[in-house]
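For reference, the chains in residue letters:
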Amino acid sequence: MLTILFDGIAYGMVLFVLGCGLSVTMGLMNFVNLAHGAFAMLGGYVAVLAMQRLGLPFLASLPLAFLSAALVGIVLERLIYRPMYAKSHLDQVMFSIGLVFMAVAGTDWLMGSTQQFIRLPVWLQGRFEIAGIGIGRYRLFVIAICGLLAVSLQWGFTRTRFGSRLRAAVDDARVARGLGIPVNRLFALTFALGCGLAGLGGALGVELMGLDPTFPLKFMIYFLIVVTVGGTSSITGPFFAAMLLGVADVVGKYLVPQVGAFIIYALMVGLLITRPHGLFARARA
Amino acid sequence: MSAESFEARVRQALYAGRRWHPVEIGFWILAFAAFLLFPRHLLLLNEITILALFALSLDLILGYAGIVSLGHAAFLGMGAYAAGIFAKYVTGDPLAGLFVGMAAAGLLGLLTSPLVLRGSDLTRLMVTLGVALILYELANSFGSLTGGADGLQGVMMKPVLGQFEFDIFGRTAYLYSLSVLFLLFLIARRVVHSPFGLSLRAVRDNPLRASASGVPNGRRLAAAYTLAAAYAGAAGALLAQTTQFVSLDVLDFHRSADLMLVLIIGGAGYLYGGLVGAIAFKLLQDAISSFTPQYWMFWIGLFLVLFVLGGREIIHGAVKTVAGRFARFGRGGAR
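Residue numbers (the numbering used here), protein chains in the order written: chain A, 16 to 300; chain B, 294 to 628.
Just chain B, same shape as in the assembly:
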């Protein structure tokens, strides 16, 4: 086998993965059509979109790079606070705020990436958890800047692109969030089907062999972690901008745990898992909390236990069968 033909085959495989499947196109058309289909549930749809973006971020590091994290809320919170504070003290322009949120969270990701690259899965879980807790304590202590336990109030947003005012029905919010999600999804999709994405999966599946074949493991993982952090920051910024409020809740542990459940529901490693999971999760939450609001936590726990006991690929598998040829995307990613 000559080097050229091998390279050609790799290129071909990457191209094949990059091609759009009709189901995907249908998915996005539906997502945008939801604006017209469910005009009275736009606030919920907006929440789903933000959660989906957050889950997409975790999927990037968990599904593709194999980094486990129990503290992903750190980046959500960082993005939310950065965007909120920026809007309060500098300017209320949403896109600038979004950029600031992403940059702040990305920077945090870059700075903390040396920590998560060390040790085993267990150490990673602990360190990510620890980083999130530290941020929580910091946000709590610097009350003058973050509002502490009362939350950051007085965030006023200007219209998106100077045209679209945020309203109480969430019309602008949903379209704005969905557009951001779609754009970032396109980028993520391009990234995971690039040689870079391929090398991430190589590192995930066999770090020793990957480094033997010339992949700079540490730097690749750090890059993926930073990217995912920026994505989570974008989700946080969207949350802060569309609700015009930031509370300590964005850094809370349950955010990270919920996120894991979302990804368990949807399945990791094929990008749509987070999106599908977010829809299922929010609908479930909405349905359950309408009759037992305070014990939602119990149900979430029960679902977690059942999913893990039953094998967490149940729904993922069902989605795959329904979507038929979705398997093509999961071939490299699904375990």
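This is chain A alone, in the form it adopts within the complex:
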């Protein structure tokens, strides 16, 4: 039981890394980017290719996944995302679904529709037991990395100058702009960071979630749950939402496999109905 819980936490951690970028961009520009999963897929494929074709070690392919996704994020933000900010939510949703479809079909064309795998280094394979709890080495590794990321993100968000500017811009972009904060540049940076994190999450998640061209569609709903349930005004909100989701999903699939993904969808709808502004949202005017 505790082993399942542990797996759920690892899963939730990856979801957090995947989703936190989305929550910040959504809060900052009020932009609904359903194509977030496409960046995660990009990171995953970059990691797979780097290991298979270039023979890079697993640890070296992770930063590569981060960088490539961030780079593509910056370019796309400049070229095609920017005109979308002023449009309605519906337009943004349609636009990003279009991007997702293109990414899915394009990846299918480039890479084929088969599931991709990563060969983990030996020291990350297998599991060991502590007090009767089976702990997968890779899962422990994932939890350590993601936990470190979460802590440093939280620190950066609350303690640094960048973070306080970001929070100001999220709270009220107009006033922030009036105070001389370069909101657009801030946003481009944050967007790149969010995409990079998605790419990293995608690379870390290959082992846990699998990777094939339909990845952005399959996990779109997960990211959205993290964001809508966690709210967009903090790091801790999405973090707990991701944990909840990861544990609920894994536990649900282990204990009652026949219901499948039903549990998390029901959970999401339930949460949205009872707390329409997110689980940890502050009251907004």
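What the hints contain is simulated information worked out from the structure, not anything from laboratory work.
By construction, the Cβ of each residue, glycine as well, lies at the ideal position given by its N, Cα and C atoms.
It cannot be assumed that every hint is accurate.
Claimed, not checked - Below, in silico cross-link-like pairs of lysine to any residue (SDA-like), each with a Cα-Cα straight-line distance of 25 Å or less:
id : chain 1 : residue 1 : chain 2 : residue 2
1  : A       : 102       : B       : 414
2  : B       : 575       : A       : 123
3  : A       : 233       : B       : 433
4  : A       : 233       : B       : 542
Said to hold, decoys possible - Here are some chain A residues the structure puts well away from chain B; computed CB gaps all over 12 Å:
id : residue
5  : 68
6  : 71
7  : 150
8  : 171
9  : 225
10 : 269
Once you have looked at the hints, place chain B on chain A.
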């Protein structure tokens, strides 16, 4: 301004909207004439008709009530499965099945309407998406009833009205679907040009002011949502009956996304948008998938991106110019 003259003006405006334009009459004559004009493409025409009905349903809530939905496939699927299961276990009479499909989807719409009335657009998108996904999972899990991933097989239909047998060329199918579409269109047209339709648009444009002037926002939106759900259910029932097969595909996410594209192509809020969009969409799909069947998704994505980047009223605008006085219908609806 006295109350009487104001009321009279409202009535007059509603009557003006209700009057039939020659272009509309021409449109429907063409639609029925297509049966004779394209006897070899009746199956495609049938698909177009069903998609048009589905799009009409989304137009009712999106164009008139302003409710965004990413899970409209839920109602299509509900109607399809209800009609399919009804035909398999009870009776193969098409009209009874159609009614069952509409009733089932309408009921689902009524039950889920409290969910979509909450929160912002974003919450609505999520909740509608979630409802569709839940249905998908349910249909997948209850394999004994729905056939699960294999689809519902063994749907046998009786002749329509006891007279017209379904054939492999889609002759009966097309006329049956088109008749249903036409009837439901007439009802929709009457509804949106009624005081009820007017109040929906009021709620869409300014909910606060609408409720201040005495419109029961929640109930009106719930009614519109239920009606649209029943329409989508009818589309699903037609799909199940004319193909005599229901698969999980009817509940798939891409159905809802495709539908959005249809409405983007045609433009929302003047009823014909869904119909025009469905024709354009299916022809496009037919043309593209004849040379790259598996990458159709890429093109659909590209079209979505381009349409949104270029402003989604491009084609809508073109249609308007061509149709000249179509603007009269769009005055209240087009944004």
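Do the hints match the structure? See the list:
1. A:102 to B:414: Holds. Residue 102 (chain A) to residue 414 (chain B) sits at ~13 Å (cutoff 25 Å).
2. B:575 to A:123: The hint holds at about 23 Å.
3. A:233 to B:433: holds, 16 Å
4. A:233 to B:542: holds, 15 Å
5. 68: holds, 24 Å
6. 71: Correct as stated: the minimum Cβ-Cβ distance to chain B is 30 Å, above 12 Å.
7. 150: holds, 31 Å
8. 171: holds, 26 Å
9. 225: holds, 18 Å
10. 269: Its Cβ never comes within 12 Å of chain B, the nearest being 16 Å, so this holds.
In this structure, every one of the numbered hints holds.
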